[in-house]
Amino acid sequence: MINLLNLSAGDNILFSGIIYTARDQAHKRLAQDIGKGKKLPFDIFGSVIYYCGPTRACRGKVIGSCGPTTSSRMDEFTPLLLKKGLKAMIGKGRRSREVVAAIKKHKAVYLLAPAGCGALVSKCVKQAKPVAYPDLGPEQILRLEVENLPLIVAIDRMGRSIYG
Amino acid sequence: MRVIDSEKIKRTVAQLCFRSNCFLRPDVLAKIKLAYKNEKDKKPRQALGQIIENAKIARCEKMALCQDTGLPIVFIEAGQSVVIKGDLKRAVLQGVVKGYKEDCFRESIVSDPLVRGRSSYAGAVIHTDIVRGDKVKITVMPKGFGCENKSFLRMFLPTTKVQEIKEFVVDSVKLAGPDACPPYVVGIGIGGSADYACLLAKKALLRSVLVSKGAARSLERDLLNRINKLKIGPMGLGGKATCLAVNIETYPTHIAGLPVAVNISCHALRSATAII
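Quick mapping for you: the protein sequence lines, in order, are chains F and U.
Under my numbering, the first residue of the first sequence is numbered 2, with each subsequent residue one higher.
Under my numbering, the first residue of the second sequence is numbered 78, with each subsequent residue one higher.
Hints listed in this document are in silico derivations from the structure and should not be mistaken for laboratory results.
Be careful, since some hints might not be right.
As the list claims (entries may be wrong) - Here are the simulated lysine to any residue pairs, SDA-like style, with alpha carbons at most 25 Å apart:
(1) F:124 / U:106
(2) U:133 / F:148
(3) F:105 / F:164
(4) U:133 / F:60
(5) U:120 / F:9
(6) U:251 / F:74
(7) F:130 / U:196
(8) U:290 / U:230
Work out the full structure: start from the sequences and follow the hints.
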């Protein structure tokens with residue numbers, strides 16, 4: 002398995018492993034749970050979060066279309082999650098200055114998945130299991146097992162960014 | 078008078094939801110293939126290659142091109158010699174729910190914008206127009222919100238120089254940056270009222286990206302060049318293709334104003350049309 006923390010901004014990788022989907026409302030709840038001192042629905046220490054809300058799995062498929070959503074909407078919650086040990090985030094687009102600083106401080110990494118290519122990404126998902134917040138529908142947290150997911154390192158642990 | 082059953086409208090809308098979400102528009106695909114051919118830089122070329130591959134997988138597997146199956150925007154041009162049997166609006170809304178449900182698209186609509194809550198398929202946006210004839214033309218455009226969030230409207234002064242409008246458009250794309258799935262198609266509405274300019278900008282996205290015609294043709298071309306000089310590129314990875322096309326629609330406006338609306342589409346510009 003690739004050590005995500007050894008990567009540099011601009012690197013192309015094929016990632017295999019476990020990732021957790023979480024987008025707007027799931028982030029809000031994770032932050033609330035942390036605020037209340039509650040146990041999180043998955044072990045965030047060393048984990049990878051994928052900003053994604055897939056379509057439903059159809060005709061015997063593991064998952065539906067599942068590309069990344071715009072990462073910057075999660076910016077306000079990200080420093081807190083990084084503080085709790087989040088290791089990597091996968092999404093699309095830029096991050097705020099605060100997030101870049103937090104990535105550097107906590108030695109994490111931010112990666113880009115093929116944006117607008119949800120059908121292509123679905124081919125890399127071997128297993129999908131609901132983990133938390135089923136009432137959020139497509140925004141619930143899923144545990145995905147992915148194989149050879151093509152990613153680009155956008156911000157590395159030194160805070161270097163491909164967006165300058 | 079020609080009678081059309083609302084059930085037929087419902088079935089057609091459902092089918093258009095499927096077609097628009099799973100099959101990338103041929104004109105858009107042609108532009109992306111052209112951009113791929115013209116790109117020499119490795120990273121943006123790879124991203125364009127993924128977009129082409131994605132369209133192929135979606136088509137073959139009848140799967141949504143993008144997980145954001147959007148807020149469905151439905152345009153209806155009803156011929157004035159047509160009588161609809163039943164409830165037209167209800168048929169359209171039900172058609173969307175039917176199509177989205179059957180094809181496992183995403184429940185991306187919240188019934189209350191402030192309370193939010195559990196999302197569903199209910200709440201497509203409908204624009205109707207009465208036209209001559211005895212046909213009904215229906216277009217479904219699933220609009221993703223990554224790019225819809227990058228929309229802008231500005232009410233310019235009637236004495237504004239075209240240069241300022243150009244800067245406004247280019248700045249709008251610059252603000253969208255790499256976040257909304259470039260290469261983009263930029264729809265622009267100029268004229269009318271504030272609301273109508275926004276509608277024109279969205280309608281501009283329905284026009285083929287392969288043809289540039291009308292009075293704003295040279296403006297379209299100039300803006301396309303300026304936007305591509307931003308070098309945002311596919312996925313923000315640089316290169317030549319930041320924008321595939323700029324489509325402008327204009328309409329008469331008030332002597333005191335000059336509304337300009339920008340509606341950006343991601344590379345997965347989706348729409349499908351049927352005539353009943």
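Unmet hints by their number, sorted upward, for this structure: Hint check: nothing fails, all pass.
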